Amino acid sequence: MSTETALPVKPAEGLFSKKNRKLITDPLNDNNPITVQVLGICSALAITVKVQNAVVMSLSVLAVVVVGNMVISALRNLIPGRIRIIAQLVIAAGLVTLVDIVLKAYVYDVSKQVGVYVGLIITNCILMGRYEAFAMGNKVWPSALDGLGNSLGYAWILVAVATVREITGNGSWMGMRLIPESWYAANGGGYFNNNMMILPPMALVLVGIIIWIQRSRNTKLIES
Amino acid sequence: MAFDKNSNSFTFIFATVLVVVVGTLLAVTFLALKPAYDENVRREKMQNILASMKVVVERDAAPEKYQELVKETVLVDAQGNPAEGDAFSLDVLKQYKDWKAGVVKAEQMKYPVYKAKVEGKDLYVLPVVGTGLWGPIWGYLSVESDGRTFYGSVFDHKGETPGLGAEIATPYFTDQFPGKTFTEQDGSYTGIHVYKGGSQTTDPHGVDGISGGTITSQGVDEMLMRSLAIYDQYLKSVSAKPEPPVVEAPPADSLAADTTNAITVNP
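First to last, the protein sequences are chains Y and E.
In my numbering, each number is its position in the first sequence, counted from 1, plus 151.
In my numbering, each number is its position in the second sequence, counted from 1, plus 28.
In case anyone wonders, no lab produced these hints; they're calculated from the structure.
On a predicted model such as this, the values are computed, not experimentally measured, just so you know.
Treat the hints with caution; some may be incorrect.
[What the hints assert, rightly or not] DSS-like mimics (lysine-lysine), calculated; alpha carbons at most 25 Å apart, straight line:
#  : chain 1 : residue 1 : chain 2 : residue 2
1  : E       : K73       : E       : K149
2  : E       : K208      : E       : K143
3  : E       : K99       : E       : K73
4  : E       : K93       : E       : K62
5  : E       : K62       : Y       : K263
6  : Y       : K290      : E       : K33
7  : E       : K208      : E       : K82
8  : E       : K143      : E       : K122
9  : E       : K186      : Y       : K263
10 : E       : K186      : E       : K125
11 : E       : K186      : E       : K82
12 : E       : K99       : E       : K149
13 : Y       : K290      : Y       : K170
14 : E       : K122      : E       : K62
15 : E       : K145      : E       : K73
16 : Y       : K263      : E       : K122
17 : E       : K82       : Y       : K263
18 : E       : K73       : Y       : K263
19 : Y       : K173      : Y       : K371
20 : E       : K208      : E       : K224
21 : Y       : K263      : E       : K125
22 : E       : K186      : E       : K128
23 : E       : K93       : Y       : K263
24 : E       : K138      : E       : K264
Please take these sequences and the hints and turn them into a complete structure.
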C-alpha cells in the first residue's frame, strides 16, 4: 500500500551535497515526521477523507514549514532565548493566516473545504518541531531543505491514507469515480461504501498499518 | 556581539518589532487580496441564487447568467412591505446573528427577494438563514409566480456533520421541495415542516428530514417556518393570483364579506 509512494527527489547538484540531500530523504522514510517522530497525527486523522483535501493541506503545510524554517533560521541569532517559542508561534501563526488569505482569494472552493483545518496548521506539531529542533540551530539553506523534506514526508503519508480512505469510503479518487454508480445498492447493485473508513479512527488504524509495514522493511527502526 | 540578545530591553524590542512586522504584513496582504475574496463570495451568492432556480453554472459564469435571468431585487421589511435599500448587498447571515445577539430587533430586519424569469416562468428567490447543530445554515428557495409553490431549493451550512446534518445540502433533501407549497389554497399560512427522517411524508406542506441529523433538520424547520411567514406576507401582496375560484358554497354577494372576515380575524 505505502511502498509505491516514493516521491521524486531532485538529483544532487551544487547546493545539494550529500548531507543536504539527506535532509530531504531522511524524513521520507527513516525519520518520517508522522510514522517515526509521531508528529502531526491530528491533521493526518482529520484531513484524509479526500485526497484533494490531503494534497491542499500538504501544500499549505509545506509552504508554512519551508518559509517558517527559513525565516526563523535567518533570525536565529536575534531571537532571545526566553521568548523563542513565542517568536516561533508568531511567525507560524502569521504564515498560516497568510496561507488562509491566499487560499480564500485564489482557490475559493478548496478553501471552503479545508477552511477550518488550515487554521489548525498552527497547532501542527511538525511546525514547532522543525522550528525548534532544526531552524534555531542551522543555516537558512539547510533549514529550507529540512522543511521541504519533512513536509514531503508528511505529505506522502497523508496522501496514502487519503487514497485508501477515499477509495473504500467514497468509491472515488481525487473526485474521480472509481466504483461505477450502477454498482451501488441505491441503483440496484450490491455495493455499499464502507462508511467506517470515513471516521477518524480508521485513519489511525491506517497510519498504524503504514508504521507496521515500514518497520518490518526498515531494520534501522526496530527498537531492541 | 555588540548587544546582549537576552537582555530584557532587547527582548521587549524584539517582541514588539516582530509582532508589528507580522501584523503589518498580514494587514497589507489581506487588503490586497480582499477584492478577489469579495468577488468570490459575490459570485458564489449569484451561483446559489441561480442554483435554487435549477440553473446550474460554474461560479465564474454566474454573474453573466445572473444578469440575464434576475430582473429585479426587492428588500422587504418584517411586515412584508417593500423597504429601502439594496437587496443583494444585504448580509442576511450577519443580520441573523445580530438578531440572535439582540443587537437588531425582529421588526427591524430586512428580507431580500430576487425576481427572475427562467424558461418563461416568473420566479421569486427567497434567502433563508437559521441555525443547525454546529453553526449557521442557510438556503435559497425559489417560488413560482403563484407565491406559494416551490420551484427549487438549495441549502448550505458552515459545518454540519458530514454524512448526517450536512446532507441538507444534497439533492436527496433539496429535491423534495419542488411542487410543495407553504400556504393552503385559500392563502392561510402553513409553512413547510421538516419531518423526522424516513417518514416518507405525503404532506404537501412538509418534507422528510435527515435521519441522524435531527438537530439540523429541526434547524431547517425553524428557519423555514420563521422566514416564510414573512415572505408570505409580501408574496400575497404581489403575486398574480391565478387562484382557482374557491367559490362553491357561498353565494356571490357574501363572497366579499367572507374574504374580509378571513383576513381580519379580530373584530
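A quick look at each hint next to the structure:
Straight-line distance between C-alpha atoms of E/K73 and E/K149 comes to about 21 Å, which keeps the hinted pair within the 25 Å bound. A distance of roughly 19 Å separates the Cα atoms of E/K208 and E/K143; the hinted pair therefore holds under the 25 Å criterion. At roughly 16 Å between alpha-carbon atoms, E/K99 and E/K73 fall within 25 Å of each other, so this suggested pair holds. The hinted pair formed by E/K93 and E/K62 meets the criterion: a straight-line CA distance of about 24 Å does not exceed 25 Å.
This hinted pair checks out: E/K62 and Y/K263 have alpha carbons roughly 16 Å apart, not beyond 25 Å. Between the alpha carbons of Y/K290 and E/K33 the distance comes to roughly 19 Å, so the proposed pair stays at or under 25 Å and holds. A threshold of 25 Å between alpha carbons decides the hint, and for E/K208 with E/K82 the separation of about 15 Å falls inside it, so the pair holds. Distance hint between E/K143 and E/K122 is fulfilled; the C-alpha atoms sit about 23 Å from each other, no more than 25 Å.
Taking the CA atoms of E/K186 and Y/K263, the gap is about 9 Å. The hint holds against a cut of 25 Å. Taking the CA atoms of E/K186 and E/K125, the gap is near 13 Å; set against the 25 Å cutoff, the hint holds. Distance check on the hinted pair: E/K186 and E/K82 sit about 22 Å apart at the alpha-carbon level, within 25 Å; holds. Taken as a hint, the E/K99 and E/K149 pair is honoured in the structure, with Cα atoms around 12 Å apart against an allowance of 25 Å.
The straight-line distance between the Cα atoms of Y/K290 and Y/K170 is roughly 13 Å, inside the 25 Å bound, and the hint therefore holds. Using a Cα cut-off of 25 Å, the hinted pair E/K122 and E/K62 holds, with the two alpha carbons roughly 18 Å apart. For a cut-off of 25 Å, the pair hint linking E/K145 to E/K73 stands: about 18 Å separates their Cα positions. Simply put, Y/K263 and E/K122 have alpha-carbon atoms about 18 Å apart, close enough for the 25 Å limit, and the pair holds.
Between E/K82 and Y/K263 the CA atoms are separated by roughly 22 Å; this keeps the pair inside 25 Å, and the hint holds. As the CA atoms of E/K73 and Y/K263 are separated by approximately 14 Å, the hinted pair is consistent with the 25 Å bound. Under the criterion of a C-alpha separation no larger than 25 Å, the hint pairing Y/K173 with Y/K371 is consistent with the structure, at around 15 Å. For the suggested pair E/K208 and E/K224, the alpha carbons sit about 17 Å apart, so the restraint of at most 25 Å is met.
Taking the CA atoms of Y/K263 and E/K125, the gap is about 20 Å. The hint holds against a cut of 25 Å. With a C-alpha separation of about 17 Å, the suggested pairing of E/K186 with E/K128 holds against the 25 Å cut-off. For the suggested pair E/K93 and Y/K263, the alpha carbons sit about 23 Å apart, so the restraint of at most 25 Å is met. Annotation: proposed proximity of E/K138 to E/K264 holds, straight-line Cα distance about 17 Å (limit 25 Å).
Checked against the numbered hints given earlier, the structure satisfies every one of them.
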